[in-house]
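There are 2 protein chains.
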Amino acid sequence: MKRADFEHWVRSELDAVESALESWVPADSPAGLGVAMRYGVLDGGKRVRPLLVLAACEAVNGNREAAMRAACAVELIHAYSLIHDDMPCMDNDVLRRGKPTVHVQFGEAQAMLAGDAMQALAFEVLTPDGDAVPAALQARLCSLLARSAGHAGMAGGQAIDLASIGKPLDEHTLRDMHHRKTGALLQASVLMGAATGIPTAGQWDALSAYGDALGLAFQVVDDILDVTQASETLGKTAGKDQDNNKPTYVTVLGLGAARRHAAELRDKAQAALARSGLANAAWLSLLADKVVDRDN
Amino acid sequence: MKRADFEHWVRSELDAVESALESWVPADSPAGLGVAMRYGVLDGGKRVRPLLVLAACEAVNGNREAAMRAACAVELIHAYSLIHDDMPCMDNDVLRRGKPTVHVQFGEAQAMLAGDAMQALAFEVLTPDGDAVPAALQARLCSLLARSAGHAGMAGGQAIDLASIGKPLDEHTLRDMHHRKTGALLQASVLMGAATGIPTAGQWDALSAYGDALGLAFQVVDDILDVTQASETLGKTAGKDQDNNKPTYVTVLGLGAARRHAAELRDKAQAALARSGLANAAWLSLLADKVVDRDN
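Chains R and L, in that order, are what the protein sequence lines are. Using the working numbering, the letters of the first sequence map in sequence onto residues -18 to 277. Using the working numbering, the letters of the second sequence map in sequence onto residues -18 to 277.
Hints are computed from structural coordinates only; laboratory data are not their basis. Hints may contain errors.
One copy or two, it doesn't matter: identical chains are merged, so the pair holds either way.
[To be verified] 20 Å max Cα-Cα, derived SDA-like pairs, lysine to any residue:
| no. | residue 1 | residue 2 |
| --- | --- | --- |
| 1 | K148 | A12 |
| 2 | K80 | G13 |
| 3 | K148 | G88 |
| 4 | K249 | R275 |
| 5 | K148 | G13 |
| 6 | K27 | D74 |
| 7 | K271 | A8 |
| 8 | K148 | V208 |
| 9 | K249 | E152 |
| 10 | K80 | A255 |
| 11 | K148 | V(-9) |
| 12 | K80 | W5 |
| 13 | K148 | N226 |
| 14 | K148 | R78 |
| 15 | K271 | R(-16) |
| 16 | K271 | E46 |
| 17 | K271 | D(-14) |
Model the full assembly from the supplied sequences, consistent with the hints where possible.
Shown next, in the form of structure tokens:
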């Protein structure tokens, strides 16, 4: 019953996110820029970050309009980072979400610009005219998103990643890299959703701990799937970390220990949720399971 | 007298902007990312956009802390766009502000990441904790900056620029490209400064018209300097537009008409300032002269 409700909620939210992105990512932007942006973000991806925003909003009974904007903004940041990450000067990847990558389809210059414009668009989406999203909440959401996307978060993690190719990393450095590269934006998704309501300080801290554990779990599972799944299941090139000689949780811990670590992190996320005392945290709880149990 | 005061004001504000950027662009960011970011934005550039923000703040007697943050944020956006624009997949330029470009110095991947992190940092700088900048003003500044940097502004203009290489453009399309590519961010600089105070609707419109005319004048003069100045005066590769077969105001209008057009736009900017009725608009007025009369 709960599981069926959850699947229904997921499908319905994914439709809502897709419609919102459809309306906010411009089709008519000049010189094909909008077309490249839409190609990079519409109709693809697991949308884990938007679902986390929306589930956290439900948990705190928050402002739905603000949460939908935050959900799309964080997905725009994630999608732009994939576009730039796939470019020849970074991972040089040709397949993403089962399609040719943006630079393969539209050229490198357009791919870089589309990514740049998507980052700006994320902050446009967070700062609408009118009073549906109070100005103080707009500022708070911009602050959370910018800090998780920037030098201390995602971009910083990518720089560590870049510098680590071919080098042995200990678990501590690997964890620091992933905290920033993937964890920061996933945790920010939870906190942006939480910010749309009025959680207590204790609830905020518990949701922060949930987001932190879930963010790391996500990356551990990603590393596991990179060696255990075929490219067609993943929708992106499998075995890529190994080919690029990148340290991963699997290379550092081994496959068995990586699986146990993912399970521990899930437990940690669930414990944090229980600690929050939030009555409506069911979707967050089931999302943590979904992140760990996924096969792509 | 006024001229000497102005030069003193400019020097003192440039020092203040440099100190603020020094403090906000991280030296210790991981894996050399902060070093690349600082290389790309510190100690260089004419800082036209920060000066416009600060002069507009003076004109409306606005919030100084907010204006300094907006000044640095808009310069971060400008500097990131130069880093990405100089990369091999775009203009492939090796010289900027008299130094090797960021990708020449640090590699393409780090240059792309540094640019990405600088865009995020702009929005971090605009959304500080505490109450020195009221939340509503933070949201307004983020909105103005995001819209001028994104698909409808700077990034959109660059996409048109990219698509126009080797094609004849009429003056209308050239103007549209520059309105977005350079004009949007220059105009936003004026409006962000204005937003730190409480201008009347009429003053806002007049400052918007001033920023619009000044933004176009800036680009017309850039096109003139590209053919009339040597690389060492410009601090970047001269004759680059011609080499890249890019349409410019000089190729479309001819040099003499381009010069007359720049003078007309300056007059238009000054007329808008006069219309604003703002008592403290002297720096804005002298900045319009400076933009048109510059030799680099």
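Each hint, compared with the structure:
1. K148 - A12: between (41 Å within a copy, 13 Å between copies)
2. K80 - G13: within (18 Å within a copy, 33 Å between copies)
3. K148 - G88: between (31 Å within a copy, 18 Å between copies)
4. K249 - R275: within (18 Å within a copy, 61 Å between copies)
5. K148 - G13: between (40 Å within a copy, 16 Å between copies)
6. K27 - D74: Result: close within a single copy only, 19 Å intra versus 38 Å inter.
7. K271 - A8: Neither, since 33 Å and 39 Å both go past 20 Å.
8. K148 - V208: The answer is within: 19 Å in one copy meets 20 Å, while 48 Å across copies does not.
9. K249 - E152: within (18 Å within a copy, 62 Å between copies)
10. K80 - A255: Neither. Shortest intra-copy (40 Å) and inter-copy (56 Å) distances fail the 20 Å Cα cut-off.
11. K148 - V(-9): Neither, since 40 Å and 48 Å both go past 20 Å.
12. K80 - W5: neither (22 Å within a copy, 39 Å between copies)
13. K148 - N226: within (8 Å within a copy, 44 Å between copies)
14. K148 - R78: neither (28 Å within a copy, 35 Å between copies)
15. K271 - R(-16): within (11 Å within a copy, 66 Å between copies)
16. K271 - E46: Close neither inside one copy (25 Å) nor across copies (45 Å); limit 20 Å.
17. K271 - D(-14): within (14 Å within a copy, 64 Å between copies)
Hint check: violations occur at hints 7, 10, 11, 12, 14, 16; the rest are consistent with the structure.
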